[in-house]
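Put together the whole structure using the sequences plus the hints.
There are 2 protein chains.
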Amino acid sequence: MSELLLKHIHQHADLSADDARLVLSNFRSIHIKKHEYLIRAGEICRYESFIVKGCLKAYTLDEQGNEHIAFLAVENWYVGDLYSFLTGQPSTLYISALEDTEVLQIDKHALDKLLIAVPAMERYFRILFQNAFVASQSRVMEAISYTAEQRYDIFLQRYPTLQQRIPQYLIASYLGITPQFLSRIRRNKL
Amino acid sequence: MSELLLKHIHQHADLSADDARLVLSNFRSIHIKKHEYLIRAGEICRYESFIVKGCLKAYTLDEQGNEHIAFLAVENWYVGDLYSFLTGQPSTLYISALEDTEVLQIDKHALDKLLIAVPAMERYFRILFQNAFVASQSRVMEAISYTAEQRYDIFLQRYPTLQQRIPQYLIASYLGITPQFLSRIRRNKL
DNA sequence: CGCGACGTTGATTTGCCTCAACGATTGTGG
DNA sequence: CCACAATCGTTGAGGCAAATCAACGTCGCG
Chain F
1 MSELLLKHIH
11 QHADLSADDA
21 RLVLSNFRSI
31 HIKKHEYLIR
41 AGEICRYESF
51 IVKGCLKAYT
61 LDEQGNEHIA
71 FLAVENWYVG
81 DLYSFLTGQP
91 STLYISALED
101 TEVLQIDKHA
111 LDKLLIAVPA
121 MERYFRILFQ
131 NAFVASQSRV
141 MEAISYTAEQ
151 RYDIFLQRYP
161 TLQQRIPQYL
171 IASYLGITPQ
181 FLSRIRRNKL
Chain D
191 MSELLLKHIH
201 QHADLSADDA
211 RLVLSNFRSI
221 HIKKHEYLIR
231 AGEICRYESF
241 IVKGCLKAYT
251 LDEQGNEHIA
261 FLAVENWYVG
271 DLYSFLTGQP
281 STLYISALED
291 TEVLQIDKHA
301 LDKLLIAVPA
311 MERYFRILFQ
321 NAFVASQSRV
331 MEAISYTAEQ
341 RYDIFLQRYP
351 TLQQRIPQYL
361 IASYLGITPQ
371 FLSRIRRNKL
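So the protein sequences, as listed, match chains F and D. Counting from 1, one number per residue, gives the positions in the first sequence under my numbering. Counting from 191, one number per residue, gives the positions in the second sequence under my numbering.
Since the hints were derived computationally from the structure, they do not count as laboratory data. Any given hint might turn out to be false.
Taking lysine-lysine and the DSBU-like style, the derived pairs with C-alpha atoms no more than 35 Å apart in a straight line are [to be verified]:
#1 303/D / 108/F
#2 34/F / 189/F
#3 197/D / 108/F
#4 223/D / 108/F
#5 53/F / 33/F
#6 243/D / 197/D
#7 113/F / 197/D
#8 113/F / 298/D
#9 379/D / 7/F
#10 243/D / 7/F
#11 108/F / 189/F
#12 243/D / 298/D
#13 113/F / 303/D
Example chain D residues on the side facing chain F (calculated, C-beta under 8 Å, incomplete) [claimed, not checked]:
#14 264
#15 312
#16 316
#17 319
#18 345
#19 366
Everything numeric in this text was worked out from a predicted model, so none of it was measured. Ideal Cβ placement from N, Cα and C applies to all residues, glycine included.
Structure, rendered in structure tokens:
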């Protein structure tokens, strides 16, 4: 469903019909079943993936085997280990599907060419990264300034629908707390 | 010293001599003395500021009056409350100079025009935001995954020179811990 | 039915904070 | 040039937020 990608691009930049065709020709559609991986730590991230349908988690594993959620992504977001994608270094992230998922992928070489050939794509990604940076900065400030309960409240406000879509222990991991402690926070609210 | 800005832009994108002149004509130089403010919470952030010389801290204040460092910025970085700059909403950040500082400022209207007139600037800022996002994501992961001591070690590795330039309590605040606790961490290392 | 995934709860421990006091250094005005 | 204040780092005692360990209940699903 590449219309969704075009629609998303159009929300941020102007694209001619010709450019739109060129853009789409550089993406390919991939399906990932629930519990399957888009990438594992140690691999090099070769693609940025635009989510057409579904939901994924990106996370690291520490020495004790605990998951730490880097981000949760749904329709209209890109997923990938951006650092690995840009530098060619091994990924630190695992990314796996929480639902059956469809993504549109582009590799680095194609993206580099596209950014030069289609200036609107520079604009599009500039705006995406700009917004992503603002959001990430907010998360940093929440992490270092607020209590777990405050972070949970903010999470619910910001992603009201996500709560029904993913298990609670993933929210805990996203917030940087244990599932047990999130359970206690929730109890205090009743 | 606008050569520094041009040099920085050239590291990421190609700019003709004409474009370089156009770019510079949209920036103005501002001096901020140590302890003075670039912006205070509640104000609208009208400018993005490229640091030519000096060092600033961006922080929030909580109800108890504690500082929480959003970021520390030195030469070749931009400072500003990006969210406020983009949306026109009041800033949540205070930004003040830790040393006598010189910045080159551009306002939103001028930047919007410049991004359209000079495609290389779209590319430049796309790359800057991309890198800033990667760095911010790393900080999120560190905040939710690592102990205070691990975060301190990473900070020293990543910003080895900053340590001699700023007081210790700012590092503590950047890491999301108290100065007292950072002092105890340091003692354990000797 | 039985198993695995998920959420909850209690008891205990620990990482980090708070409050308070005290040196060391720096800067500043008399 | 010295006295004094302000700033910064350190240390100790006590407290709290959140982790850990362990057990148990529930539900969906093969």
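* **Hinted pair residue 113/F and residue 298/D, Cα distance within 35 Å** => holds, 29 Å
* Measure nothing beyond the straight line between the CA atoms of residue 243/D and residue 197/D; if it is 35 Å or shorter, mark the hint as holding. => holds, 14 Å
* Closest C-beta approach of residue 316/D to chain F relative to 8 Å, hint status -> Given a least distance of 4 Å, the restraint on residue 316/D holds.
* Pair hint outcome, residue 34/F versus residue 189/F [Cα-Cα no greater than 35 Å] -> holds, 32 Å
* Asked: Against chain F, is residue 366/D within 8 Å by beta-carbon distance?
  -> With a closest approach of 3 Å, the residue 366/D hint holds.
* Against chain F, with CB atoms and a cut of 8 Å, does the hint on residue 312/D hold up? -> Result: holds, 4 Å to nearest chain F Cβ.
* To do: Take the C-alpha atoms of residue 379/D and residue 7/F, compute the straight-line distance between them, and say whether it is at most 35 Å.
  => With a Cα-Cα distance of about 54 Å, the restraint between residue 379/D and residue 7/F is violated, given a limit of 35 Å.
* Asked: Does residue 113/F pair with residue 197/D here, judged by a C-alpha cut-off of 35 Å?
  -> Judged against 35 Å, a Cα distance of about 24 Å means the pair holds.
* Going by Cβ atoms only, is residue 319/D closer than 8 Å to chain F? -> holds, 4 Å
* To do: Sort out whether residue 108/F lies within 35 Å of residue 303/D, counting only the CA atoms.
  => Roughly 29 Å separates the two Cα atoms, so the pair holds.
* To do: Mind checking the alpha carbons of residue 113/F and residue 303/D for me, to see if they're no more than 35 Å apart?
  => Holds, at roughly 25 Å.
* Under 8 Å, Cβ to Cβ, is where residue 345/D needs to be relative to chain F, so tell me if that hint holds or is violated. => violated, 12 Å
Hint violations for this structure: numbers 4, 9, 10, 11, 14 and 18, all remaining hints satisfied.
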